[in-house]
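Colleague: The lines below spell out each chain.
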Amino acid sequence: MRRVYCPHTEAEVREMLRAIGAPSVEHLFREVPRELVRTGAIRVEGGLSEPELCRRLEALARENAAFGDFPQFVGAGSYPHFIPAAVAEVTARSEFSTAYTPYQPEVSQGTLQASFEFQSIVASLTGMDVANASMYDGASATAEAVLMAHRMAPQRPAVVISSALHPHYLQTVRTYASDLPGMELRTVPYTASGATDLEAAEACLEDACCLVLGYPNFFGVIEDLAAAAALAHEKGAYLVSTTQEALALGLLKSPGELGADVAVGEGQSLGLPMSYGGPGVGFFGCAQKFLRSMPGRVVGETRDERGNRGYVLTLATREQHIRRERATSNICTNHALCALAVAAYVSLLGPRGLREVAARNVRNAHYLAKRLSGIGRLRFFGPFFNEFVLERARAREIWEGMVQMGFMAGVPLGQWFPELDDCLLLCATEVHSREEMEKFARAFEEAAGGGA
Amino acid sequence: MRRVYCPHTEAEVREMLRAIGAPSVEHLFREVPRELVRTGAIRVEGGLSEPELCRRLEALARENAAFGDFPQFVGAGSYPHFIPAAVAEVTARSEFSTAYTPYQPEVSQGTLQASFEFQSIVASLTGMDVANASMYDGASATAEAVLMAHRMAPQRPAVVISSALHPHYLQTVRTYASDLPGMELRTVPYTASGATDLEAAEACLEDACCLVLGYPNFFGVIEDLAAAAALAHEKGAYLVSTTQEALALGLLKSPGELGADVAVGEGQSLGLPMSYGGPGVGFFGCAQKFLRSMPGRVVGETRDERGNRGYVLTLATREQHIRRERATSNICTNHALCALAVAAYVSLLGPRGLREVAARNVRNAHYLAKRLSGIGRLRFFGPFFNEFVLERARAREIWEGMVQMGFMAGVPLGQWFPELDDCLLLCATEVHSREEMEKFARAFEEAAGGGA
Amino acid sequence: MKGVVGGLRGGLLAEPLIFEIGGSGRYAPVVCEEEAGGDGEPFPLQEHLLREGVEGLAEVSEPEVVRHFTRLSELNFSVSKNFYPLGSCTMKYNPVVNERLARLRGFSELHPFMHPSFCQGALRLMWELERDLAEIGGMDAVSLQPAAGAHGELAGMKIIRAYHRERGDGRRKVLIPATAHGTNPASSALCGYEVAEIPCGDAGIIEASQLEGRLTEEVAALMVTNPNTLGLFEREICQVAEKIHRCGALIYMDGANLNALMGVAKPGDMGADVVHFNLHKTFSTPHGGGGPGAGPVGVKKELERYLPVPRLIERDGKIVWSEDFPESIGRVRSFYGNFGVMVKAYCYIRTLGGEGLAETSRMAVLNSAYLRKRLEQVLHLPYRAPSLHESVFDDEDLRHLGVSTLDIAKRLLDYGFHAPTIYFPLVVRGAIMVEPTETESKRTLDAFADAVAAVVEEAKTDPDLVKAAPHGTVVGRLDETRAARRPVLRWRAGEADRDR
Amino acid sequence: MKGVVGGLRGGLLAEPLIFEIGGSGRYAPVVCEEEAGGDGEPFPLQEHLLREGVEGLAEVSEPEVVRHFTRLSELNFSVSKNFYPLGSCTMKYNPVVNERLARLRGFSELHPFMHPSFCQGALRLMWELERDLAEIGGMDAVSLQPAAGAHGELAGMKIIRAYHRERGDGRRKVLIPATAHGTNPASSALCGYEVAEIPCGDAGIIEASQLEGRLTEEVAALMVTNPNTLGLFEREICQVAEKIHRCGALIYMDGANLNALMGVAKPGDMGADVVHFNLHKTFSTPHGGGGPGAGPVGVKKELERYLPVPRLIERDGKIVWSEDFPESIGRVRSFYGNFGVMVKAYCYIRTLGGEGLAETSRMAVLNSAYLRKRLEQVLHLPYRAPSLHESVFDDEDLRHLGVSTLDIAKRLLDYGFHAPTIYFPLVVRGAIMVEPTETESKRTLDAFADAVAAVVEEAKTDPDLVKAAPHGTVVGRLDETRAARRPVLRWRAGEADRDR
Ligand SMILES: Cc1ncc(COP(=O)(O)O)c(C=O)c1O
Ligand SMILES: Cc1ncc(COP(=O)(O)O)c(C=O)c1O
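Quick note, the sequences are listed as chains A, B, C and D, same order.
For the first sequence, my numbering begins at 1 and goes up steadily by one.
For the second sequence, my numbering begins at 1 and goes up steadily by one.
For the third sequence, my numbering begins at 1 and goes up steadily by one.
For the fourth sequence, my numbering begins at 1 and goes up steadily by one.
Hints should not be assumed to be uniformly reliable.
Said to hold, decoys possible - If the Cβ cut is set under 7 Å, some of the chain C residues that face chain B in the computed set are: (1) 23; (2) 30; (3) 61; (4) 96; (5) 97.
Simulated from the structure, these hints should not be mistaken for laboratory data.
For clarity, every value in this text was computed on a predicted model and none was experimentally measured.
For each residue, glycine too, the CB sits at the ideal point set by N, CA and C.
All chains, please: the whole structure from these sequences, using the hints.
Modeller: Spelled out as structure tokens, the structure:
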């Protein structure tokens, strides 16, 4: 028997059995009923050697069109950004990647301090008082924010949520909220600007614990958070802001500055590859008042007996380990290594670099929008970050045609918004050169077969 | 001024100048004559940002046919072998890669112990008593071996060297030896077996300090080292064995066992990528009697004041740091990180794995030789490891034709051996599947336009 | 003699926060191409939308960033460095080739909305992984969407809820044994369930007899972990399952401990209707200091239609996503799950194969049995039934010395080992939960057992040494009460260097 | 209080040798494809050619190998972890992106005998790098072949020898200042030259007047390092060069210290006929714990024909190799040099450009001047002329305390810093040679200066503490005499665990 990742030789196995006093390895499983063992064998393909495995996986990888091999102008919650090599250098350190959750702080200061740095970065970017050590992704972070608002204001069971939110986020909130007693989800439409209809929101905020907006929203549009906050607060609800493109926070006013009570989102843009949609990293910031109602792990600063500064997991009484069914969330394993990547990326760029990249995103997206506006028309007039919605008859067909020509022309919106069936959501970031945008625009023209 | 890898801000530069008491940075260069400064500016292309740099280098890399994209059956001193991912995992650790030569042993036990392990591995593989911590490559290691033999027997100024040695090795020995008083290089021919003509060697060993053979030699042929050793020793010369394909030592009798006094070679096959010919790693093993005449760094075991085992650079009195012009060699920086890769590779495979891979090389090369022997003929009848010489009229043309068809059919030997102008040196290793060899053979048939 | 205890010496230095390192005005690296769109034109967004700049971020150079995090990494213990017998966490070797393969551009630089024709490689990998996990768990269908174990539990309990709801059944209770991991009750609560705890009897397992009187029409499910967190195989699981099913309830099986049973016995065969897998435990993907992981959820045929959307289906010889499952519980997150983690688990399965996975479980149990044998000579073992992949000791024999589980754990750090899981499961007072995994050698197990014996000896001869441990770490025992009482959860400019 | 000194605490454990870890019979990983050629047929080689098996290799599993070397890595100091002011070694930051790019398959998996049409990318990179280095050094042609600095010296001195030989000139002497690195005389000797040392005068540099009487017809060359190893610019280099040239000799310039002068002054303009570059110093390629490096050699026009073969030439719009240089000194190694290292140096140059390289040297000199200013307050500075990229102190002020340079160096390790280069250059008794490089921040320089000051203070108040240092490292001061007297250079089975 060739053992791949287990070091034992047959002689050692025998020696260990002798020490245990067991006649065989099978004997160790004597508590398992025979009838279960009879059908226990697994039939899966395996036994590949390392070179065979590499061949297999390389072949599978080649069947996928990696960014760069296939010009793409798609965002919609997962963004192509340039990641400095130093980020992977840091996250590939096996001291970080092969550690468990830092349950023994004295030998986990690396992870703990990096998490504390991540929390500080999230708090700074969102303009919030505090942040946790990460969530799974932007969608589940949004759902957890809604649950928290609900916990904080149980007497207000409704949740008012923008329909211009990323559809996956909205669907996730729906799933999380679906079994909570009395919780009712109300979606509000968007206007011709592409922003959430705040008037419509006002009408349904009466008994709501929170109003949830995307910032920027799914259409790339920069919502008027200040107005939304004023409205929500007037009605006694919290404002939850969720950001699917975290890079925007390097340039736009922070949700906190605009009055949001909770600011969550997806951090993939800040140093993580798209990786077919995961792992990214959810972030969760909020005002001080939510401190003991927050979901997820938090790292806090403290001292050792000699007065040295150190970091520990703290406020554990909120968590399932201790509180079990009364915990603020069920989350246990989070996305710590991804949070580390964010901390490294943001530190490499600094406030100036972040602003510079974010501004470049704005410029490129607007350049592309302008370039395409002869072929289609901008569906919304609101200010946008690095995504915009282009309307053009037969959008879905054009999109298919573009794929055949070797371009991803954004994502067709009809699948989620029947009323936007002729619309594509397009994105340009700093990785798109002007030349590539030109090429893309020409191909688009061709695929569309002429003017708008 | 944007500084890329220097952290200073303008304010810091000013602050430091103030502390120094210098009016400007230029002032610090006041000892440099003005006329030099006038022409000091450098005109080289630069200022690429990281993404631009990546694009540039990726484009350059794409212009090269990497192994795997372009079927290749070439060895000739640089071999395609499968390298387990664990090797790079280890050598990429920045503690290893960004350290200097271990001058402070107390904080360099990582490098030192790994070097000690490498030395032990080299000694085991070559069957020698001792080994040094690495040389630049197989060619310079061979040259250093010749110089050492010369030092040990200065009264015997001639060096007898096989013409079936890797031409680069031979040329390097020639360069190294060219200015040494009285040293005379005598090459001996090879026979129809592809092995060195030992009778011819005998004739010129009279006043020679050493006889140098390849094991296996450049043609892949396994020399009769035992006979050569007997011969050399009878004449009072040392036998130097040099191995360009170190994997062979996992299967073949060791040079030491066969009577060699010095066994050197190239370790690239044991865990290093081909990297267009470098860096590989030279290895240098020898009998105990050469201990204090060896070139290069050696690591030795010792103790600290509390009796703990530790490792240090030792026998430094041989070296240029101390002995300056009387040093045994001028080498200072060697190939320590490559030696680490060898230590990791050999440890991963172990003696069984090495033997298994080496045997697979033998099988594949013989399979290919047999397969091609209908089209060309084997030029030599001696036993071979993973390379062999195929003779076929218009070999060079066929080779060019194969390149156009997308195959590297070994390397044409005419460039070094006019008498072998119709010969190709072909190689197959464990990375070549039977299917690939079949494909290659069919293409070869086509390029050759039929039978031999 | 602090710092030279237990063989530990060393060169670790505390590291300042990244915010305390830089200087304001450091130049950031440029990550943009030279040519931009619309350069020269006025900036497209109005001033009032823009912030002044982000306060409180570090301004540091690349060399400083790399050094900072490299130094931080040194302050971490990791399974790449030494034995990490953290019970319930399955800290096995993480194959490095799998890391490399997950980074292949065709995987890592793949957009989740890529046209299905151009990501068949990724889709096939997921398709095969779904089927392999189903086979391993004895289930009929799998969703790879959940991001971690607890997330799998959420999806699974939602499925159970959807199942009952569809039958008009308003069952409100979930039975959970006291040995269960905290995520089990928390996930149930998140699905609106009430939790009814089954206390832990002398045998440490659920006895079929314990269900008497508990199996009302209110019971929606039993959540069970097998082997449970005491490392004990739930011997009566088949009888228990039968009773549960007979009352119309379902079985949720927490698969976190599957490393004990692969190729030996399948959850599906034990009666589990829903099970989740921890790819970051059993399937060797690294834990990352707390994720990302992946917690796929598997179900039996009759529950398949409730699985999260989107799901993979075959259409015209291609694998594509479909949302067309009207009874689905919906999504539990964006996109399709932690794909990067799935690649590694896929590699692991393809490397080991069915027989290799079975051998994995056999060796994991052998290692645990061997280590238990050695440790029970020095530690008290509250449940003496044969255990599988882990075993749980406690501090009963040490309490009279004033030495607690926490002290033993901290002192083990000085010996260069990570501590076992402590104070879990809750049913054991002062629990010390040891899981060695199959990738550790006998030599390592012996060294660890020797260290535990030495610490126990110290507890007897020099208890204060143990109670003040650790001594050889970069910081000493940290004040957790202080952290919780006056929470400092972020750095703020101005408060910098408060007390350094 | 050993182990808790100087702020150091830690968790380092000694690691056994890899040979002491495994068990005989461990399974090796399979690195072959399944299908082989000629399987089933008898093995093609005769038994008598084959060895029994290699004795003395480790038999370990993959997890054990990875853990072993990961643990060993922890025992290393590296510039990725902290300040490494090793004089003459230019321990600057090694950009990580360059490492990644050098690993691109098109570079790393490229066979050196690849047909030139299919490796134009590699050839162009080398072609451009040759030209860039020539421009930086003020030379006319460059060969990238030498593997390190000393190897470049060998090639360069061979070139000088070939030059004289071609003119029938049997000159046998090379002048080398006493400050020179040991490789200079060693390389000269290897070329059959006699070395005549120029003693070091009070100014620390070669004074033109010192050449009087030394410039005979026997002199083939002067080997000079500029700035020299005292960090001093050879102020009289132009006059010296003129004299040397007038007597028919050539100037070899050791470019190891080029980090002080890029974009400021070119060796070629100073009269150098031959110069070598250390890519692993000035051009940021990492040193690997002792290589691989690269030591390209540059020459003036009239020496170009002696450069090592093969050389790159342009033919039909393609770059190809040519051996057709009959006056060449030949090869100094196999293939074309350490290509993998060249890729990184190329990246570095393309990132910085001419102005960036100049700023690099300016900042390197600024850092050195600042650190010198701070250190001269506590250490004795024997040569007080303005120094450039490094400065050399000594232990004169400490000797009366019984504390030596070695003690200071060892004690600095306890403070978490690497020691400076010590006892070199030989002209300074007890030399302490400090080179900070441009990639270090003022904050780091200050911390180092503070540490040196603290150590000097300790030397006065508690000299025994310093003399017994280091205290916080995995091993204490090692017995080098013992190592040299009874050399143990390899592990042998049976001797295992001799004394552990
Ligand atoms: C038994 C058990 N169940 C569930 C979980 C939760 O898994 P995760 O941390 O992946 O959410 C864990 C892990 O801590 C566990 O040990
Ligand atoms: C001044 C000087 N010359 C030459 C060398 C030799 O360079 P290398 O070690 O690359 O052979 C060195 C490096 O140690 C040096 O500092």
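Colleague: Which hints from the list above does the structure break, by number from lowest to highest?
Modeller: none
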